[in-house]
Every structure is written in structure tokens, then in C-alpha cells.
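Construct the entire structure; sequences and hints are all you get.
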Amino acid sequence: MKVQCELCPKMCLIGPGQSGECRVRINIDGVLRTVVYGYPCSINIDPIEKKPLFHFLPGTPILSIATVGCNLHCENCQNWEISQANPEDENISAYFCPPERLVLLTKSNNCPSLAYTYTDPIVYYEYTYDAANLARSAGIRNVLVTAGYINEEPWRKLLKYVDAVTLDLKGITEEFYRDVCSATLKPVQNALVVAKGSGVELEVSNLVIPTLNDKPEQIGELVRWVRANLGRDTPLHFLGFIPRYKMRHLPPTSLQTLEMARNVAMEEGMEFVYIGNVRSRDGQNTYCPDCKNLLIERSGFTILQNRLKEGRCPGCSKEIYGVWK
Amino acid sequence: MTRRKFIRKLIKAGSVIAFGASWLISKASPRKFIWAVRVKKYPGHLKPLRDISKQGKWSG
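In order, the protein sequence lines correspond to chains A and B. One rule links them: number in my numbering = place in the first sequence (from 1) + 345. One rule links them: number in my numbering = place in the second sequence (from 1) + 46.
Since the hints were derived computationally from the structure, they do not count as laboratory data. A virtual CB, placed ideally from N, CA and C, is assigned to each residue, including glycine. Wrong hints could be hidden among the right ones.
Okay, the calculated bits of chain A under chain B, using three or more residues with CB under 8 Å as the criterion [claimed, not checked]:
#, stretch
1, 348-358
2, 378-389
3, 421-433
4, 488-500
5, 593-601
Computed far set for chain B versus chain A, every beta-carbon distance over 12 Å [said to hold, decoys possible]:
#, residue
6, Ser61
7, Ala67
8, Lys100
Below, the structure written as C-alpha cells:
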């Protein structure tokens, strides 16, 4: 008997013994099963700025995990070796790490938060949900780094245990999502709006890919949507593309293009705009949107100085969007 | 065959057809899931937990 997975908008109809598009949710004897629950292929301690997450516990380490699999198949995927892998692949192995062990690891390594990242936590939903639930009860914060391609009901359910989300808005047209990511735009926009409305700390990233989504008018359209639907205080990260997977023929994104994107966003009134995957003079710093004082100075993933006082600008006392302690 | 017997047979045949049709429909339409059940054994290779303190090589 076929089963239908209603976790993500792909709504995969899965025959006996087959998996959904994500490769990790399988129909076994007419029951949907997840084969990656408790089996992350990657566990590392990263600086939280790497997610990227700039307005959430800056300067802290974050235990970061992923299993194999993804429900999208972006041709530009930066982590395709694990996101497009099958659990059975010879060259990919996994750790046995159920939620209880994950929480212990996070605690014993003095990480205040735990990130579900690298591939997409949507496809290891049950593992993410149980671990996030357990982590929260142990005083650990939960962070999702995701493409947000999930149906609303399971998304709302998961967000109850989540403290911060970095959501990758990959483009701003249905054509881009269809042609590059084998997905659709609307569910991602809905996930963004639901996340912001739920009260989690939300940051948006956008990978700027030469010739595909790097025109000032495309950037402007994306920024205007973010401003109108998520608010001008939502941190926005423009990330440089590195040629990988099926897009090795394209050049890396130049610093000039990323600075142009940042300028467009700031001219549209966005308050916190950053550039990533490149070194820049001030594209990683946080400034007060009112008095323009430097609040947090960064170099790459390193915090050089943090001048915030109780989450406020020391110059004009403006409250800065984020979770600071 | 009396009219009463004919109606009884008609009802019986109708209910058999209705039962069969509903059984077929229930078999043909997929069972729907959001929550997946975990498997007991990982289908791939497992490795021992090593030093996790270094930064991940993956983006994100």
C-alpha cells in the first residue's frame, strides 16, 4: 500500500519499499518511517555566527548537527555531498546519537544552544522535534537553519520548541524555486511569516548567485517582500556563492555584488543587513538603525567588540532586535 | 420469484457491491502521515563519536 508523507509541500506518494524525495522517509509495510532518527552524519561545534545568526547569543559556540537527506535539490547546493546522499551510501557514515546523548553532548561542551543545520532539519523532523523538546527542558536553546519547505501544521508544532531560525529565502520568483531548487516559493514565504509571527528570533539569508538572482531589481524585490512581511528589523544576510554541485560553471559572487545587495537593502530601509562568505570592511558589523553607532564589530565569525547594553544601543538606548543573553 | 424475494436479493447484491467498492477505495487511497516512525537499525554505516570540538566543514 502506498503512503503519503504530508510533512512538506512535496506531499510525496511513496510506494512500498520506496523513499520520498528526501531519501530518508520510507514506506515500510504501509507505515512511514524515518531512517535517520538519532543518526546524524555530522556533529560539530561552530561559532553561532557561522549559521549565520548575528542577533542571537553572539560570540557563543553552538553544537551543530545534520543527518543526510534534503527535500530540495538545489543545483547550487553548498553541502550536496550530504544533502543529496542516501543513508546507505558507502562514503557517508553516521553517529549513533539519540536525543538524550545529543543534549548531554551539548551540555558537556558548554554550548548554550543546539543547531539543526547543514542539510535541512525538516527531513529529520521527528529527531529535531524530540531533541528540541528535550534540550529545552535542559535549558538549551534550539536553532533551526532551514530552507523552510514545510507544511504549516508541522511547522507550527516544531516552532513551539525553537528559539531562533535562520531561513534561507533562495529567490523571490516561482521560476527560480522551480528551475534551481525543484520547489515552490509560496510555502517558504508562508514559513517565514509563520516563524516571525510565532515570536522566534528570525534571520533571513539569501545566497546571491551570479546571473541567477544577482540583479539589483531582483534583490530589491526580495528585500521589499521581507520588509513588508517580516519587518525592517529582520536581520538579512546576503551570502556569497561558491561554485559547487551542478553550478560549477558559474563564478563565485564578487564582493562588489554583495555590497551592492547590501546597499539596495539598506536603501529600502532594512535595519540590519550583512554580507557573508567574503571578508568585508563593515558588512558584518551591527550598527544602530537610529544613531548609527557601531554596536557589534565582527571579523568573519569572530566578535571583536560588543557594545550592546542589555540589548540596547549605548548611545541612544534603542532596543535592538535579537536575543542577547 | 415473488416481488419481495426479488427486492431482498437486490438489496443483498447492492450491499455486497457497496462493501466491495469501499474496500477497494480504502486499499487504493494512500495512508497519510506527517509523523514518521523511527527504524530500529540504521541502513548505512556507523562510525564512533570522535572529537567534535572543531568547526564543521559544511556551510551553515
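We went through each hint and held it up to the structure:
1. 348-358: Our answer is that it holds, as 6 residues pass the Cβ test (under 8 Å) against chain B, meeting three.
2. 378-389: holds (count 10)
3. 421-433: With 6 residues close enough to chain B, the hint holds.
4. 488-500: Coverage by chain B holds here, the residue count being 4 at a Cβ distance below 8 Å.
5. 593-601: violated (count 0)
6. Ser61: Per Cβ check, Ser61/B is outside 12 Å of chain A; nearest 25 Å; holds.
7. Ala67: holds (17 Å)
8. Lys100: violated (7 Å)
Going down the numbered hints, you'll see the structure goes against 5, 8, while the others check out.
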